[in-house]
Amino acid sequence: MSLLLATLAIGFVFAVLTLGVFLSFRVYRIPDITADGSFPLGAAVTARLLKEGWDPWSATAAAIAAGILAGMITGSIHVRFKINAILSGILVMTALYSVNLRVMGASNLPIDASRTVFAPLESLSGRIFGESVQLFGRTVPSVDLGMFLGTAFAAVLVGVALTWFLHTELGSAMRATGDNPRMVRALATSTDRMIIIGLAASNALIACAGSLFAQMQSFADAQMGIGVIVLGLASVILGQTLVGPVRSIGLAVAGAVMGALLFRLLVAIAIRLGLDANDLKLVTAVVVLVAIVGPTWLAARRPRARKEAARAAA
Amino acid sequence: MLRLESLEKTFNPGTENEVRALQQVSLDFPKGSFTVVIGTNGSGKSTLQGAISGALDLDGGRITIDGVDVTRWPEHRRARLVGRVFQDPFAGTAPDLTVAENLALAEKRGRPRTLAPLLRGARRGAWRELLGRIGLGLEHRLDDPIGLLSGGQRQSITLLMATLTEPSVLLLDEHTAALDPRSAELVIALTRRLVEGCRSTTIMVTHSMRQAATLGDRLIAMHRGGVYLDVAGRDKATFSERELHGLFAQMRRDDRFDDEAVALARSQYR
Ligand SMILES: Nc1ncnc2c1ncn2[C@@H]1O[C@H](COP(=O)(O)OP(=O)(O)OP(=O)(O)O)[C@@H](O)[C@H]1O
Ligand SMILES: [Mg+2]
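Protein sequence lines correspond, in order, to chains F and S. Numbers 1 to 314, taken from the numbering used here, label the letters of the first sequence in order. Numbers 1 to 270, taken from the numbering used here, label the letters of the second sequence in order.
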């Protein structure tokens with residue numbers, strides 16, 4: 001039970017990450033690999049500032065600001081110099097690796113668990129529930145419950161905020177930019193600016209997730225960004241499969257959150273069943289590939305679809 | 001008032017694929033005028049529209065709208081003053097957004113995109129009435145994603161969107177060419193009504209001689225990046241659909257001759 005709560009707590013933090021990837025991938029159709037750099041950037045900035053004596057909230061806010069900056073740089077490289085979005089992301093991700101090492105001054109920086117945004121939640125939970133709680137007939141340390149509730153609140157808050165944002169004038173113009181950039185320019189809005197703002201917001205969420213993850217694990221590590229974008233994509237795609245092809249943005253956002261949780265659970269189960277943690281990234285990449293290619297491949301193999309395709313070609 | 005002075009555009013200069021798409025084009029369009037542009041394929045009609053909308057960089061010349069020099073304005077900034085409808089009926093709307101969201105984005109053309117909810121205070125009633133007048137049963141579809149609608153329906157809405165804020169200039173580039181005949185009829189009827197009801201200086205490109213004969217108060221024929229014929233008012237009214245077909249055939253023949261012969265043939269139409 002405690003393991004389940006901890007797994008879900010990580011899942012909720014990854015949901016914040018997933019919502020960032022949702023913004024770049026679903027809204028702009030850009031798989032923005034800056035994520036692999038901005039996630040550890042959020043962690044590094046937070047760890048460093050906590051070490052300097054900042055309070056956890058300010059350190060988390062600074063991590064978000066750093067993510068905004070990273071996204072703006074990727075976006076600016078992409079639109080100003082007309083460099084392919086993925087290449088722009090690769091450049092910034094690579095640069096951020098060095099930046100993160102500089103920020104931390106080492107490849108790994110510990111965080112004092114009693115001085116994180118989760119600490120007050122955990123002690124509050126302890127005061128309310130006592131040392132441990134009975135949950136579905138099992139005993140759970142109240143600390144884990146506090147962490148679970150805190151991260152769940154964060155994920156829901158970010159999900160609601162993102163849904164609201166995508167319905168504003170700015171957010172709608174951003175969706176239209178992903179849909180039909182020519183139309184947006186014809187309606188007197190700079191698509192360049194929309195893309196820069198969008199990638200900034202996306203990386204803000206990703207850096208925020210990195211910051212929360214580091215505070216949860218009590219350390220930041222230069223390597224912790226590897227494969228983050230693929231993990232985010234896996235969750236986004238899983239969520240898309242869960243809720244189906246929906247029109248409602250709120251549902252799509254909820255799907256992304258559920259996708260992140262489900263993905264985390266599947267990973268935990270797989271490892272329990274004996275999957276070597278070292279093989280995890282390989283498995284994740286294969287899962288993403290299958291999830292992207294699978295549906296079209298299956299559709300093309302269905303006899304009726306093939307007949308229709310043949311008729312269309314004729 | 002739209003003024004074009006010595007517009008010049010050459011594609012692939014200095015190569016064997018060099019095309020002088022605009023050759024010293026100078027034209028004045030009075031406020032609220034409605035000009036129809038015809039010309040053979042590749043004569044420079046879309047290039048001219050691209051130059052006005054800013055989608056294209058000019059090699060030379062000057063463009064002023066209502067006295068403001070906009071030559072160096074980027075496309076999105078110029079779009080505050082210029083409404084556009086493209087040939088592709090799907091190019092003017094965002095398919096995943098609803099009809100209402102598309103209209104709302106168009107209604108706030110030129111204003112900063114803020115953090116206010118897009119559809120707060122939306123003029124649903126007015127929009128429903130505008131949509132109802134198109135006559136395609138669109139008044140009940142405000143909350144459908146626009147991607148579900150047909151090309152003709154989407155092109156009609158694009159036309160509404162382009163005129164909603166009454167921009168100084170309205171550019172229509174073969175906006176009925178990709179539609180079936182009935183939809184094209186409807187969109188042309190709507191064009192006539194909207195253009196006559198607004199003060200936008202309108203330039204419409206078409207390959208339909210019928211449209212050219214029956215619409216607008218001025219007719220410009222383009223040929224090889226230049227103006228071949230420019231008639232307005234009563235002179236334009238005298239051109240029948242058949243005469244325009246004759247003019248068009250002449251221009252097509254001219255395509256095969258050099259510039260001198262063209263100048264000669266052209267003098268016959270003066
Ligand atoms: N981006 C481009 N690169 C190279 N050449 C171009 C480009 N755009 C247009 N041209 C050339 O410029 C000339 C004018 O093209 P334009 O599109 O303005 O013609 P048009 O009058 O709109 O023709 P149509 O009736 O076929 O739409 C053509 O010869 C065309 O091949
Ligand atoms: Mg054209």
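For the record, the hints were derived by calculation from the structure and aren't laboratory data. Treat the hints with care, since some could be wrong.
[As the list claims (entries may be wrong)] Simulated restraints on C-beta separations:
#, chain 1, residue 1, chain 2, residue 2, range
1, S, Ala237, F, Ile86, 39 to 49 Å
2, F, Asn108, S, Arg124, 53 to 63 Å
3, S, Pro95, F, Val156, 27 to 37 Å
4, S, Asp144, F, Ala161, 36 to 46 Å
5, F, Asn108, S, Gly147, 13 to 23 Å
Just so you know, these numbers come straight off a predicted model, no measurement behind them. Every residue, glycine too, gets a C-beta built ideally from N, C-alpha and C.
Structure-based check of each hint:
Under the hint 39 to 49 Å, the C-beta atoms of Ala237/S and Ile86/F, about 57 Å apart, miss the expected range. For Asn108/F and Arg124/S, the Cβ-Cβ distance of about 57 Å falls inside the hinted range of 53 to 63 Å, so the restraint holds. The hint said 27 to 37 Å for the Cβ distance between Pro95/S and Val156/F, and at roughly 30 Å that hint holds. The beta-carbon spacing between Asp144/S and Ala161/F, approximately 27 Å, falls outside the hinted interval of 36 to 46 Å.
Distance hint check: the CB atoms of Asn108/F and Gly147/S are about 49 Å apart, inconsistent with the given range 13 to 23 Å.
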